[in-house]
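Chains as they are written, first to last, in my numbering: chain L, 6 to 395; chain S, 68 to 192.
If you're looking for bench data, these hints aren't it; they were derived computationally from the structure.
The model shown is predicted, which means the values in this text are computed figures rather than measured ones.
Here a beta-carbon is modelled for each residue, glycine too, at the ideal position from N, C-alpha and C.
Some clues are possibly wrong.
With a Cα cut of at most 27 Å, we get these calculated DSS-like pairs of lysine-lysine [as the list claims (entries may be wrong)]:
1) L/351 to L/45
2) L/376 to S/113
3) S/168 to S/75
4) L/311 to L/384
5) S/161 to L/311
6) S/185 to S/112
7) L/45 to S/75
8) L/376 to S/185
9) L/351 to S/161
10) S/161 to L/320
11) S/185 to S/75
12) S/185 to L/320
13) S/185 to L/45
14) S/116 to S/166
15) L/384 to L/351
16) S/75 to S/116
17) L/290 to L/123
18) L/376 to S/118
19) S/113 to S/166
20) L/320 to S/112
21) L/45 to S/116
22) L/376 to L/320
23) S/118 to L/320
24) L/376 to S/116
Some chain L residues flagged as far from chain S (calculated, every beta-carbon gap over 12 Å) [stated by the list, open to error]:
25) 32
26) 37
27) 57
28) 72
29) 206
30) 297
31) 361
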Amino acid sequence: MRFHRKGEWRIPILSEDVLPETESLKQTPLHALHVELGAKMVPFAGYDMPVQYPMGILGEHQHARAGAGLFDVSHMGQFRITAPSYDAAAAAIETLCPNDFRSLKSGQQRYGFLTNPKGGILDDLMVTRDGEVLRMVVNAACKDADYGHIAGHLPAGCKIERLDDFALLALQGPKAGAVVARLAPASAQMTFMTGAKLEIAGISCYATRSGYTGEDGFEISVPNTSAVNFARALLQEPEVKPIGLGARDSLRLEAGLCLYGSDITEKTTPVEAGLSWAIAERRRKEGGFPGDAVLQKQWAEGVSRKRVGLLPEGKAPARAHTEIANDEGREIGEITSGGFGPSLGKPIAMGYVATASAAIGSAVNLMVRGKALPARVAKMPFTPHRYHRN
Amino acid sequence: MGTIRYTKEHEWVLVDGDTATVGISPYAQEQLGDVVFVELPEVGKKIEKGKEMAVVESVKAASEVYAPITGEVAEVNNALTDAPATVNEDALGKGWFAKIKLANKAELDGLMDEAAYKAYVDGLH
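This is chain L alone, in the form it adopts within the complex (with noise of 0.2 Å):
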């Protein structure tokens, strides 16, 4: 048999030649624990990551929807922008994204993205409003592109930091808000969407409670060299396990959220994708960042194919790249993202399809080995949303 697990993990934009093979892999802070704790550990945007632990995928999966799942996404960007006042920051960081910053109270986060002339979608970023910093956190294999292309267009006054000093945690679950308030009290008054300084087993840190998984959770920046420290403390509690890269991967695939480089990529707008949700109406009029002219006019006149979720009818998983076609066998898409729903127990997967076969409910064939496989355009997430909200 032939295993694919060399490219498995590479995301698409990060081909051969932009990563050969004797680039060494980087490491993050938590390294040696993931070896420790018995992960198999595989290349992921140029880090050497654990892409599960002895738990399986499977476990851990089901963990982290049960439980509280501990992931090390250290390999993410963590930038601060600032400037003469916050509003400053977020008005500069408008001029290259679509949504609204400007109105975030400090302690507010929101999702967005970095957009090109064309609307196309250069990274998907999380942005948070710390006092008069602006905070934002971003893809690992978009951060270097992220840094320049920010450097390179802020005003005076303004500045960008990477914060590379710091390594980036996520607990998520159900158990998630009981264990962080178990070791920092103060976490129980933050809600989804949330940010603040706490203090987690004697560590300074800065937690949002937010994540990837679409359950409740926090993503917690600390010091790289509180990092170790910071993991054990959290492994301690009964509720957390480690989770890898597999879980949140089939976690993030069953809560309908994008994975950047495979389900929106700069070829793809916010529009087709579905994102528009995250474009505030002063945006959508003002303009004022780049494509805006390309967004308005799909907002006016439609696009013409639309990012679905799809619920495969038998049991074969229809992955990445697997052509969608309608009942005469005529191209109508391609699958971005697609495997096994653990929680479901059955495949999913989603999208991109022609409007005209994007309702909830519509009919399609998917191309499997030669085989059209039925498949129903289903409603995203797979797994209902549970964040902690007001």
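Based on these hints, arrange chain S on the given structure of chain L.
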């Protein structure tokens, strides 16, 4: 029953008379992780050594299983359709994929015995 033999692609073959039972090795299932789907060949299909015979899918990826020998599919393990995790639990037993009516017994000579396969797998690390 005869002795178990392995391919370099991590399939196993156990010959009984003119028929061979085939599956994937414990090493292969461990490398794959949790198996969530198995696509088996149809009974009666002629298969050729080294060509794709089945597909096994983990949570993350699909992998082809190659025919370790040439012959005709006599029986497939339909129990894997409802319980694909059997491949993880008992790769050399209840997790078998298919029984093949052998076309050329001499092909077996090119396969590794248990000791040779173990040495081969150890050499992969």
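Hint check:
| no. | hint | verdict |
| --- | --- | --- |
| 1 | L/351 to L/45 | holds (25 Å) |
| 2 | L/376 to S/113 | holds (19 Å) |
| 3 | S/168 to S/75 | holds (21 Å) |
| 4 | L/311 to L/384 | holds (13 Å) |
| 5 | S/161 to L/311 | violated (44 Å) |
| 6 | S/185 to S/112 | violated (31 Å) |
| 7 | L/45 to S/75 | holds (22 Å) |
| 8 | L/376 to S/185 | violated (37 Å) |
| 9 | L/351 to S/161 | holds (22 Å) |
| 10 | S/161 to L/320 | holds (20 Å) |
| 11 | S/185 to S/75 | holds (11 Å) |
| 12 | S/185 to L/320 | violated (34 Å) |
| 13 | S/185 to L/45 | holds (21 Å) |
| 14 | S/116 to S/166 | holds (14 Å) |
| 15 | L/384 to L/351 | holds (15 Å) |
| 16 | S/75 to S/116 | holds (12 Å) |
| 17 | L/290 to L/123 | holds (17 Å) |
| 18 | L/376 to S/118 | holds (18 Å) |
| 19 | S/113 to S/166 | holds (12 Å) |
| 20 | L/320 to S/112 | holds (22 Å) |
| 21 | L/45 to S/116 | violated (31 Å) |
| 22 | L/376 to L/320 | holds (13 Å) |
| 23 | S/118 to L/320 | holds (24 Å) |
| 24 | L/376 to S/116 | holds (23 Å) |
| 25 | 32 | holds (20 Å) |
| 26 | 37 | holds (19 Å) |
| 27 | 57 | violated (6 Å) |
| 28 | 72 | holds (18 Å) |
| 29 | 206 | holds (32 Å) |
| 30 | 297 | holds (38 Å) |
| 31 | 361 | holds (29 Å) |
In terms of the numbered hints stated before, the structure departs from hints 5, 6, 8, 12, 21, 27, listed from lowest to highest.
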